[in-house]
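Whole structure, please, built from the sequences with the hints as guidance.
Residue numbers (the working numbering), protein chains in the order written: chain A, 1 to 411; chain B, 1 to 411.
No lab work stands behind these hints: they were computed from the structure.
Treat the numbers as computed from the prediction; the structure is a model and nothing was measured.
Where hints are given, some of them may not hold.
Copies of the same chain are indistinguishable here, so a pair counts whether it falls within one copy or spans any two.
[Unchecked claim] Subject to a maximum C-alpha distance of 27 Å in a straight line, what follows is the list of computed DSSO-like cross-link-like pairs (lysine-lysine):
| # | residue 1 | residue 2 |
| --- | --- | --- |
| 1 | 160 | 231 |
| 2 | 375 | 231 |
| 3 | 185 | 407 |
| 4 | 160 | 132 |
| 5 | 307 | 292 |
| 6 | 160 | 375 |
| 7 | 362 | 139 |
| 8 | 43 | 292 |
Each chain, letter by letter, is given below.
Number of protein chains: 2
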Amino acid sequence: MNLRNTADQAFVRETNLSLVLRLIHNQSPVSRAQMAGITGLNKSTVSSLVDELIERRLVHETGSNSGGAGRPATLLEINPQAGSIIGVELGVDFVSVAVTDVLGNILWRKREDARQEDGQEKMINQTLQIVKEAITAGKRKNYHFMGIGLSTPGTVDVDKGLLIFAPNLHWHNVPFVRIFSEQAKLKVFVENDANAAAIAEHLFGTARQCQDFLFVFAGVGIGGGLFLNGKLYRGRNGYAGEIGHSPIMAEPSQTVCHCGNRGCWETYANQYSIIQRIQARLEVRRSSIIPKLMADQNAPLSIPLIKQAADAGDREAIDSFTEAGHAMGQGFAGLINIFNPERIILGGPLSMAGEYLLPAIKETVALHALPEINKQVEILLSPFGPDASLIGAIAIVVDDLLAHPAKVERR
Amino acid sequence: MNLRNTADQAFVRETNLSLVLRLIHNQSPVSRAQMAGITGLNKSTVSSLVDELIERRLVHETGSNSGGAGRPATLLEINPQAGSIIGVELGVDFVSVAVTDVLGNILWRKREDARQEDGQEKMINQTLQIVKEAITAGKRKNYHFMGIGLSTPGTVDVDKGLLIFAPNLHWHNVPFVRIFSEQAKLKVFVENDANAAAIAEHLFGTARQCQDFLFVFAGVGIGGGLFLNGKLYRGRNGYAGEIGHSPIMAEPSQTVCHCGNRGCWETYANQYSIIQRIQARLEVRRSSIIPKLMADQNAPLSIPLIKQAADAGDREAIDSFTEAGHAMGQGFAGLINIFNPERIILGGPLSMAGEYLLPAIKETVALHALPEINKQVEILLSPFGPDASLIGAIAIVVDDLLAHPAKVERR
DNA sequence: AATTAGTATGTTGGAGCAACAAACTAATTA
DNA sequence: TAATTAGTTTGTTGCTCCAACATACTAATT
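Here's what the structure looks like:
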């Protein structure tokens with residue numbers, strides 16, 4: 001039982017190096033003196049740390065700031081040429097790959113449909129193919145790749161780099177890190193999709209300074225990324241965050257959840273539930289423009305289509321979103337009472353209808369969360385929309401970089 | 001915004017000192033060499049750390065262990081004479097004070113009924129009086145007091161030492177730390193009762209090595225202490241853990257919760273709900289021995305009394321506990337899905353009926369929690385029963401001691 | 001335009017202190 | 001006596017901190 005919660009001087013250096021780098025990452029541009037003030041570190045210590053970060057090409061000087069009296073400050077920023085990251089999002093029926101810089105700016109991307117019925121091997125090979133494409137495209141532009149991040153539905157053993165189990169894909173024990181690092185000769189990280197999205201919000205999104213927030217991933221199901229006490233909480237075995245299966249809504253007539261129970265929160269608030277609501281409404285009323293949209297586009301009922309109808313002012317569409325929002329709000333209220341978070345961020349496919357869902361969510365939360373707790377909670381939309389998990393895949397690599405800057409070679 | 005997540009040599013020393021002390025605290029007796037093996041620290045470093053702990057009288061050598069070949073190890077233990085702790089539990093209608101050693105062994109205790117209707121000042125003075133009594137009793141026995149811990153219902157600002165708001169007591173902004181430290185000239189700590197109980201389980205109870213567990217405090221309401229990633233999670237403003245108000249059970253005919261909503265989990269599983277169940281049953285059937293017990297003892301319906309009936313085999317009592325257990329199980333299942341904890345520990349007044357509740361809880365959890373997640377979760381009774389929060393008050397002092405051993409003076 | 005004062009930034013070199021490494025002594029068993 | 005394991009001693013490395021210093025600018029005055 002080697003717990004290794006021990007500290008030594010190398011740890012001190014790594015901690016401070018990481019602290020300064022994170023500070024530059026989300027307060028840039030900053031000067032050495034400012035950082036000394038913020039962190040409480042000595043000026044000379046900050047200088048030494050910054051020197052090292054510059055040597056490792058993670059940071060560079062960029063102009064100076066001559067405001068008031070005194071010597072003007074030299075401003076520091078993350079070096080955009082520090083390197084590039086490859087992010088891979090594995091969906092149930094698609095694969096998405098992106099290349100970004102260290103700040104999450106997308107430089108290249110590609111998305112392909114995938115059929116998990118074709119089998120695990122084929123889908124993984126397809127993914128590897130796109131990754132190789134990204135690498136050759138990057139080499140042509142002289143990118144220096146620093147790592148690959150992979151986000152996947154299901155439970156992940158982060159340390160072993162293993163997908164333990166993904167119910168939607170029917171996959172068990174897939175050694176992603178081994179597979180991808182063998183092929184690409186790069187450091188590889190794997191993480192659950194909702195968790196990855198939460199880290200993305202923390203690094204690049206709406207939760208930059210936030211110590212305690214929840215990311216709610218709404219789509220086929222409702223999953224959560226729990227960011228608590230300044231870090232991701234994964235639970236004992238990495239299963240934490242199955243917020244959609246609070247089983248308390250025990251009205252026996254309700255739909256059976258795919259988990260086998262009745263009355264799970266997510267059966268009232270996932271994308272299926274919205275489609276069902278619409279179908280039920282269309283059977284009764286005929287005033288909606290949705291049937292026409294479906295016919296015109298020769299497309300089945302889907303969230304984007306319903307959103308389109310809502311945008312055109314369609315009552316049935318708007319009301320269905322509102323109903324789903326109320327159901328979501330019930331769940332959010334419970335989460336707020338349990339976690340007292342600073343923020344809750346809604347992402348995933350359903351978040352594209354956020355403008356219709358959010359007001360309903362907030363309304364229900366105001367009714368059902370304990371007022372004292374709810375007072376300061378912000379409920380926000382993810383700025384990444386459907387790309388939340390893809391940016392998440394990038395973010396897990398960047399997060400490792402920010403945590404261990406000394407792993408980057410001096411050049 | 002001085003976040004001070006910085007590290008320096010003092011921090012290294014404190015970390016390692018604390019690590020070694022914690023190791024001795026829950027693995028004792030251990031030798032220096034063993035600890036070097038477990039922690040990965042250098043033998044000489046461990047020796048230096050142990051020397052300092054001995055100088056501070058926190059640890060002492062105790063015999064030696066001549067097992068196999070080689071020089072026998074000198075065994076180390078926490079020094080029971082390191083000092084004594086005063087714990088204060090503030091209840092809604094009682095005050096309890098205990099004196100223990102550093103290992104939580106009770107040396108002295110006293111409990112008095114209190115009436116919050118008499119007002120805040122009177123109740124606090126009554127408490128201070130008992131604390132003074134404890135101190136004089138201790139001085140007679142030459143105890144060296146190291147601090148006072150106070151656990152209270154409601155929301156606590158731990159850093160400011162302030163009770164922010166306790167709905168049951170109707171108290172607002174009580175500066176407990178200031179009040180008690182002025183009177184007793186000792187370091188004082190305040191914490192919410194469920195949180196304190198969770199720390200007690202971590203240090204002295206059923207969650208010793210546990211990084212991720214939940215303490216469920218069941219009584220008038222249902223509160224929770226969330227111990228995640230190896231430390232207590234308090235949320236943004238210290239309100240985290242209001243697990244009893246998940247508002248999803250929306251059957252309109254149900255009892256209104258004291259929070260104003262309908263269908264809160266706790267209205268189905270708190271001690272009131274059990275009493276109501278019994279009352280409803282007694283109106284229909286007359287076979288129960290409960291009315292006789294009430295008459296004999298000239299006492300109202302209460303959990304201890306129902307427990308007594310259950311022990312005597314009374315069907316109505318047992319069935320009521322079972323029903324409440326099933327309701328609790330619904331909530332537990334949700335918590336298991338959300339947190340994937342290693343353990344859930346049931347404590348508080350209701351836990352005295354644990355032998356009847358636990359089987360029903362486990363049954364419902366098995367039905368409603370996701371099987372993958374539930375597989376390894378242990379649901380246990382707190383060993384402290386009704387004293388969970390009192391021991392908790394002790395624990396918050398001991399925890400500070402273990403975290404910052406260098407604050408203890410060399411003698 | 002030149003001078004001087006004032007202020008804030010960032011650098012330098014030494015002090016203090018932590019863990020570490022290696023060589024040692026100590027105490028036991030086979 | 002040899003082997004083995006426990007714990008100590010001595011010297012090394014590398015970290016932050018501190019105080020003094022050099023640098024670069026603004027502002028006021030001559």
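Consistency of the hints with the structure:
no. : hint      : result
1   : 160 x 231 : both (19 Å within a copy, 24 Å between copies)
2   : 375 x 231 : both (23 Å within a copy, 25 Å between copies)
3   : 185 x 407 : within (16 Å within a copy, 49 Å between copies)
4   : 160 x 132 : within (23 Å within a copy, 55 Å between copies)
5   : 307 x 292 : within (14 Å within a copy, 65 Å between copies)
6   : 160 x 375 : between (41 Å within a copy, 20 Å between copies)
7   : 362 x 139 : neither (47 Å within a copy, 57 Å between copies)
8   : 43 x 292  : neither (67 Å within a copy, 78 Å between copies)
This entry does not satisfy hints 7, 8, going by the numbered hints stated previously.
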